[in-house]
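Please construct the entire structure, taking both the sequences and the accompanying hints into account.
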Amino acid sequence: MKKFQNILVVVDSSQSTHSALERAMKLAGQGGGKLHLIEVVKDAGLALRWLSRDYVHIHELLVRERQQGLQGLLELCKSHGIDATGEVLEGVSSQVTIDTVQRIGAQLVIREAKGERSLATGSLGTSAMKLIRR
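Mapping of the sequence shown onto my numbering: position 14 corresponds to residue 14, and the numbering continues sequentially without gaps.
Among these hints, one or two may not hold up.
What the hints assert, rightly or not - No more than 30 Å apart at the CA atoms, straight line, and that leaves these computed lysine-lysine pairs for DSS-like:
id, residue 1, residue 2
1, Lys78, Lys3
2, Lys42, Lys78
3, Lys26, Lys42
4, Lys3, Lys26
5, Lys34, Lys78
6, Lys78, Lys26
7, Lys3, Lys34
Derived from the structure by calculation, the hints contain no laboratory data.
This is the structure we're talking about:
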């Protein structure tokens with residue numbers, strides 16, 4: 001089995017389970033690889049920002065909450081002896097993922113095929129389908 005040294009993991013710290021992270025930790029542990037976790041916060045459109053005076057405040061709270069959740073996942077990795085870094089990024093999940101792969105030189109991307117709140121039909125969610133198509 002090929003040993004991946006630089007693995008990108010797309011996480012959602014608000015979820016109750018983290019099977020993608022568990023798989024990534026197992027691979028990194030077996031091969032001595034490093035994990036880079038990203039949590040993507042979708043940026044609302046301009047119209048929503050104009051319509052809601054509280055948007056900026058709510059968005060800042062969401063980002064802060066996700067940063068805290070990501071920190072907990074990073075601590076989980078480190079408690080298992082896995083070298084891990086992470087960041088909360090804003091934008092469209094599939095595009096942010098591709099940009100991050102290129103920026104960090106990831107050899108493998110691990111993410112859930114479909115989020116718990118996905119409205120997409122079938123076994124793949126919208127972000128997973130967009131990522132595959134690109």
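Results for each hint:
1. The hinted pair formed by Lys78 and Lys3 meets the criterion: a straight-line CA distance of about 19 Å does not exceed 30 Å.
2. Proposed proximity of Lys42 and Lys78 is supported: the alpha carbons are some 27 Å apart, at most 30 Å.
3. In summary, the hint linking Lys26 to Lys42 is supported, as the alpha carbons are separated by about 28 Å, within the 30 Å threshold.
4. For the hint pairing Lys3 with Lys26, the CA-to-CA distance comes to about 11 Å; that is within 30 Å, so the pair holds.
5. Proximity of Lys34 to Lys78 is assessed by CA-CA distance (about 11 Å); at most 30 Å being required, the pair is judged to hold.
6. About 13 Å separates the Cα atoms of Lys78 and Lys26, which keeps this hinted pair within 30 Å; it holds.
7. Of the supplied pair hints, the one linking Lys3 and Lys34 holds, its CA atoms being roughly 11 Å apart against a limit of 30 Å.
Hint compliance for this structure: every hint is met.
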